[in-house]
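Mind the numbering: the sequence shown is residues 0 to 148 in numbering that gives the first Met the number 0, read in order.
Just so you know, the hints here were simulated from the structure itself, not pulled from any lab data.
Nothing here was measured: the structure is a model prediction, and the numbers come from that model.
Where a beta carbon is used, it is the ideal one built from N, C-alpha and C, also for glycine.
Check each hint, because a few of them may be wrong.
[What the hints assert, rightly or not] Below are the EDC-like pairs computed for lysine to aspartate or glutamate, each with C-alpha atoms no more than 20 angstroms apart in a straight line:
#	residue 1	residue 2
1	Lys102	Asp125
2	Lys102	Asp45
3	Lys102	Glu54
4	Lys102	Glu122
[What the hints assert, rightly or not] Pair by pair, the computed Cβ-Cβ distance ranges are:
#	residue 1	residue 2	range
5	Pro19	His71	19 to 25 angstroms
6	Arg42	Ala14	32 to 38 angstroms
7	Lys102	Pro19	32 to 38 angstroms
8	Arg90	Ser38	34 to 40 angstroms
9	Arg112	Pro73	31 to 37 angstroms
10	Val84	Arg132	17 to 23 angstroms
11	Met8	Thr50	29 to 35 angstroms
12	Ser108	Phe75	20 to 26 angstroms
13	Pro73	Gly115	21 to 27 angstroms
14	Arg49	Gly115	32 to 38 angstroms
15	Pro73	Glu23	33 to 39 angstroms
16	Leu103	Pro136	24 to 30 angstroms
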Amino acid sequence: MAAASGGGMAELLSADGPDPEHAEALMLYGRLVGTWSVSNRYRFPDGRWRTAAGEWRFGWTLGGRVVQDVLHCPDFHGRFPGTTVRMYDVRTGLWQITWFSPKLPSYFSQTGRSDGAGGMVQEGTDAQGRRSRWSRPRRRCATRPTSSG
Numbered sequence: 000m001a002a003a004s005g006g007g008m009a010e011l012l013s014a015d016g017p018d019p020e021h022a023e024a025l026m027l028y029g030r031l032v033g034t035w036s037v038s039n040r041y042r043f044p045d046g047r048w049r050t051a052a053g054e055w056r057f058g059w060t061l062g063g064r065v066v067q068d069v070l071h072c073p074d075f076h077g078r079f080p081g082t083t084v085r086m087y088d089v090r091t092g093l094w095q096i097t098w099f100s101p102k103l104p105s106y107f108s109q110t111g112r113s114d115g116a117g118g119m120v121q122e123g124t125d126a127q128g129r130r131s132r133w134s135r136p137r138r139r140c141a142t143r144p145t146s147s148g
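Construct all of the structure, not just a fragment, from the sequences and the given hints.
If you want it as structure tokens, here you go:
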């Protein structure tokens, strides 16, 4: 099998912005595009919660119908970045979401939607089949991404 000529994989994945045909709906997660400094709280296998500073980068991919991120918190010993792929399904108006971290290994699948008040809700299952839920209410705050794109 011969490799295709031209740019690398990142060039094929990236998009300059949302698909114009569905731009308004895509902004549910598209508003996160940029680089964010975060304080990540994570429950380790021993049951204890730990917090560490990190960086969360969001960008447009796959024709502007996908918002993908990479979360990296180097202070969590032995942890490597994970990525989330959020695909907007134009047929249902829902987001199909998959997160995975190959080093752990761990993954989950969720469906995302607006909570009706400007926030977002994701529901699904983790790698062991346990139900998972994540929500982010709309908040006004002084925090802004450290850079765009």
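We went through each hint and held it up to the structure:
no.	hint	result
1	Lys102 x Asp125	holds (16 angstroms)
2	Lys102 x Asp45	holds (18 angstroms)
3	Lys102 x Glu54	holds (18 angstroms)
4	Lys102 x Glu122	violated (24 angstroms)
5	Pro19 x His71: 19 to 25 angstroms	violated (31 angstroms)
6	Arg42 x Ala14: 32 to 38 angstroms	holds (34 angstroms)
7	Lys102 x Pro19: 32 to 38 angstroms	holds (37 angstroms)
8	Arg90 x Ser38: 34 to 40 angstroms	holds (37 angstroms)
9	Arg112 x Pro73: 31 to 37 angstroms	holds (32 angstroms)
10	Val84 x Arg132: 17 to 23 angstroms	holds (19 angstroms)
11	Met8 x Thr50: 29 to 35 angstroms	holds (33 angstroms)
12	Ser108 x Phe75: 20 to 26 angstroms	holds (23 angstroms)
13	Pro73 x Gly115: 21 to 27 angstroms	violated (37 angstroms)
14	Arg49 x Gly115: 32 to 38 angstroms	holds (33 angstroms)
15	Pro73 x Glu23: 33 to 39 angstroms	holds (36 angstroms)
16	Leu103 x Pro136: 24 to 30 angstroms	holds (28 angstroms)
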